[in-house]
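Which chain is which? The protein sequence lines are S and B, in order. When we follow this note's numbering, the leftmost residue of the first sequence carries the number 1, and every step to the right adds one. When we follow this note's numbering, the leftmost residue of the second sequence carries the number 1001, and every step to the right adds one.
Calculated from the structure, these hints are not laboratory results. Just to be clear, a hint being listed does not mean it is correct.
To be verified - If you only want the chain B side, here are some residues facing chain S, beta carbon under 8 Å, derived:
id, residue
1, THR1129
2, LEU1132
3, TYR1182
Unchecked claim - Taking CB as the label site, the calculated pair distances span:
id, chain 1, residue 1, chain 2, residue 2, range
4, S, GLU188, B, TRP1539, 26 to 32 Å
5, B, ALA1670, S, TRP186, 23 to 29 Å
6, B, THR1319, S, TRP186, 49 to 55 Å
7, S, ILE125, B, SER1297, 51 to 57 Å
8, S, GLY31, B, GLU1546, 50 to 56 Å
9, S, ALA185, B, TRP1539, 32 to 38 Å
10, B, GLU1125, S, ALA185, 52 to 58 Å
Don't be surprised by glycine CBs; every beta carbon is placed ideally from N, CA and C.
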Amino acid sequence: MSNILGKMAEAIIEGDADSIKDMAQKAVDEGISIQDIMDKGLLAGMDVVGQRFKVGDMFIPEVLSSADTMKNAMEIIRPLMTEGESTNAGKLLILTVKGDLHDIGKNLVGMMFEGAGFEVIDMGIDISVEDTVNAVKEHKPNLVALSALLTTTMPKMPETINALKEAGIRDQVKLLVGGAPVTRAWAEEIGADGYASNAAAAVDMGKELLSAA
Amino acid sequence: MICSESLFGDQKNMEQRDIIELSSRKRDEKIMRAGRDYVVGIDTGGTFTDGVLLDYYSRDVINSCKTLTTREDLSIGIIKALTGLNIENPSRIRLVGISSTLATNSIAENRVMETALLLVGYDRELIETYHLEAKFPTKNIAYFAGGHTSQGEEKEALDIAGICQWVETNRNKVDALAISSYFSPLNPSHEEEVFAAIQGICSLPVVLGHQLSTKIDSISRATTACLNASLVAVMQGFIQAVQTALEKEKISAPLMIVKGDGSLMPYDVATAKPVETILSGPAASAIGGRFLSGNDSAVVVDVGGTTTDIALIENGQMTISTGGTRVGNVQTAVKAARIRTACIGCDSRISFDKGKTVKVGPDRVVPLCRLAALFPSVEKQISALPDKHVLDWLPTDIEYWFLYKDVDCSSHFGTDTRHAELFDLLRQGPLSVTHILKHMKVNHIVQLNAAALIEKRLIERAYLTPTDLLHVIGHMNQWNAKVARIALQRACEMHDRNPETFAQETLSHIVHRMAEEVMTFLARQQEGQNLPEEIDDKWGRWFINEMLTDGNPYLSVSTASRFPVIGIGAPAGYFVRRLARCLNAPFVLPKSAAVANAVGAVAGSVCMDEEARIFLKEIDNSERFVVQIDGRPPQSFEEKDDAKRYAQKIVSDMAKEAAIVAGVISPQVAVQESVDGSVLRLVARALGNPSLGPSV
Chain S
1 MSNILGKMAE AIIEGDADSI KDMAQKAVDE GISIQDIMDK GLLAGMDVVG
51 QRFKVGDMFI PEVLSSADTM KNAMEIIRPL MTEGESTNAG KLLILTVKGD
101 LHDIGKNLVG MMFEGAGFEV IDMGIDISVE DTVNAVKEHK PNLVALSALL
151 TTTMPKMPET INALKEAGIR DQVKLLVGGA PVTRAWAEEI GADGYASNAA
201 AAVDMGKELL SAA
Chain B
1001 MICSESLFGD QKNMEQRDII ELSSRKRDEK IMRAGRDYVV GIDTGGTFTD
1051 GVLLDYYSRD VINSCKTLTT REDLSIGIIK ALTGLNIENP SRIRLVGISS
1101 TLATNSIAEN RVMETALLLV GYDRELIETY HLEAKFPTKN IAYFAGGHTS
1151 QGEEKEALDI AGICQWVETN RNKVDALAIS SYFSPLNPSH EEEVFAAIQG
1201 ICSLPVVLGH QLSTKIDSIS RATTACLNAS LVAVMQGFIQ AVQTALEKEK
1251 ISAPLMIVKG DGSLMPYDVA TAKPVETILS GPAASAIGGR FLSGNDSAVV
1301 VDVGGTTTDI ALIENGQMTI STGGTRVGNV QTAVKAARIR TACIGCDSRI
1351 SFDKGKTVKV GPDRVVPLCR LAALFPSVEK QISALPDKHV LDWLPTDIEY
1401 WFLYKDVDCS SHFGTDTRHA ELFDLLRQGP LSVTHILKHM KVNHIVQLNA
1451 AALIEKRLIE RAYLTPTDLL HVIGHMNQWN AKVARIALQR ACEMHDRNPE
1501 TFAQETLSHI VHRMAEEVMT FLARQQEGQN LPEEIDDKWG RWFINEMLTD
1551 GNPYLSVSTA SRFPVIGIGA PAGYFVRRLA RCLNAPFVLP KSAAVANAVG
1601 AVAGSVCMDE EARIFLKEID NSERFVVQID GRPPQSFEEK DDAKRYAQKI
1651 VSDMAKEAAI VAGVISPQVA VQESVDGSVL RLVARALGNP SLGPSV
């Protein structure tokens, strides 16, 4: 295999949003599978970004550049996915809860799921509990992911869970929660189905929850 | 086969393993002595209604009575059981406890009142999108504006005018009303308003969702409220009949009804919440097993005629279904005992399958040995079978049908003369199917189209059952063993089985099945959601088979139950003793095991729960913790700990009060906390033995 995948990963890490498109096209032209481009090129790069950010070796502006780079790459890759790769790994509904405006992590997770073959509906930020339930009703996703970055908005997560229970549709979806103040123990306590501390783990968890279903 | 030898050959070893075969310490006492507390317990089961007269403190059964359950009107059988106890001194009875299948049967047979379900603040579109309306036990559903949010805020104004108008228009079309409003556990004000408004319009019984259940699940609350509404009138009639009977027998003791978790509730609470009596039968059996054996932690296996029920008692308390109990197709929010019911019992029909396999159950029939003991003509016919020429043998020679309930044919069957003819034939007495087919001039039973008659229990069938097998091996002697032997011999010859070994083999197959059910039940206590209901896939089946047969030359596979196994029901001594051995567990056979169910109907404790729900609410620009308790105005606090302290005090006091009113002298109160999403639940439970009524 040529070293184009390695170069793509580096471009992601360095946030080189300009050259990634050509690189992606080149990889496609070389006949490399979409799956490999995603796993060994783009996602490999994002993994490193996530790791470095976690330990404090990378900061938000740099992460944003990497995310932008990933986004650009997806513009080339996404149209090609409808043919080869299964776009039916599942349907994800993702949002940031009411009162919270943070979205970097959420966007990353959404992109990762897309890369893994999911149909992703991103509702955006500051989404109310009622709107969430209505969106589940409308789109019928099998996975719902909630993001919050403030301890003051975290309570919206168990409230959403209860709203789904009250509607009688809690068992229709698998619920994932994440965000800096969220912990695995808390996720279990409030009745979520899964928790992940980074975007890649989120995809793994999502797939695991759906296959166990 | 190795298992046969180890199970039936080594009597001595088995005796060493039993804890104790509890027998009466003193000689059988049948008299009621002065100064002792006597209580009466009655259990109506699927087939039989049992009554016991019990000495409450010594746990001795003074007298017992068994009569057939009268499904059309349960109280008739109960009255019969009561009179059959021959209570010489009714003034000495201090408590009467009844467990009945009324609720379960009424729901299963759809003999309930016509109910209307009024849904306040429900999202009709969502319900239709997910086809949730199929979960409701009624077709009369109406949607109205109103309801609350996940923070207990009113989400839209209550359409009280619309509701009143609907009730005005429809009140003659239904017998009861159930009201359920969205998020009522957090704020029941809309349900309460509707209740108050309806009082002024009509006198139909009205049931409110939040009073039956505070589960955060609008569908299951509505379902439970609806089911309850449909049962209220039925339960009322039943309890009135029982009270009249007690009066007639001059018994003036307090009357308690068993709940689905085995605890006792005063009869007026039962009238208001009949849905809570679902599964009280199996629960009573488990409680009875515990009471008679003195074991506080054990697996209780109740072998009945149709089913074998398995329950677990830990530290004196039954394990319950926290998610809610299912009755037939309906998922309720009632927290009844977690019971595993296996469709295999001592009256299960034994059928010959392909190859050498045998099927036991799920159908229940009358054992041939019992039919022959009751009808001399049957004994005569079966005894004559060995004389029948081998070329004339038919499998239907040993299958008998008889008339259980005679009905007026013209009104029942109309123009279907077939059925009327069949009834005429059966009025002579029980007949073999061979005989019936010949006289009705058909070749096969299906041509008689009698399935509905059998389902309605107008006609009953008799065939080979485990009871017959127990007679054949000499373990039972109650009915006609000779007939059992002849029928078994004939069946084996016709289906190419070895008559010498068939009885033992089949009985051990039954023990294995029961052991497997107990194992599955215990395994699922923890892993409930993740393990399927039946043991599946190749490895699973391999492990079970090796464990049960213990014949593998290379690997010994064994499992042990960590709890002793209590056997109740008449055949328990045979089956449960052996299944306990398969599970390497001590076996306990309490005295009076055959009537443990009736004992359990009066041996339970009274248990009163009160719940407080605490949740965060955004008021103006701050957040406050709201405490919601039934019958109290909501209180809000700035600090969570203050809210918890307040809640704990109030519910503890309320539970204690409720238990005292129900008849407990000094109840024990304990509070448990649990997190349910964004709601913190504090439940105070007041527990105690019912105080026995004053002696008259």
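Okay, the hints, checked on the actual structure:
1. Against a cut-off of 8 Å between C-beta atoms, the interface hint on THR1129 of chain B holds, since the closest Cβ of chain S lies about 6 Å away.
2. Checking LEU1132 of chain B against chain S: minimum C-beta separation of about 5 Å stays under 8 Å; hint holds.
3. For the restraint placing TYR1182 of chain B at the interface with chain S, the shortest Cβ-Cβ distance is roughly 7 Å, inside the 8 Å limit, so the hint holds.
4. The hinted range of 26 to 32 Å is satisfied by GLU188 of chain S and TRP1539 of chain B, whose Cβ atoms lie roughly 30 Å apart.
5. Between ALA1670 of chain B and TRP186 of chain S the CB atoms are about 26 Å apart, so this pair conforms to the stated range of 23 to 29 Å.
6. Range check, THR1319 of chain B to TRP186 of chain S: Cβ separation about 27 Å, and the 49 to 55 Å hint is violated.
7. Distance hint for ILE125 of chain S and SER1297 of chain B: a CB-CB separation of about 52 Å, consistent with the stated range 51 to 57 Å.
8. GLY31 of chain S and GLU1546 of chain B have their C-beta atoms about 53 Å apart, which keeps the hinted 50 to 56 Å range intact.
9. As the Cβ distance of ALA185 of chain S to TRP1539 of chain B is approximately 33 Å, the hint placing it in 32 to 38 Å holds.
10. The hint said 52 to 58 Å for the Cβ distance between GLU1125 of chain B and ALA185 of chain S, and at roughly 37 Å that hint is violated.
When held up to the earlier numbered hints, the structure conflicts with 6, 10 and fits the remainder.
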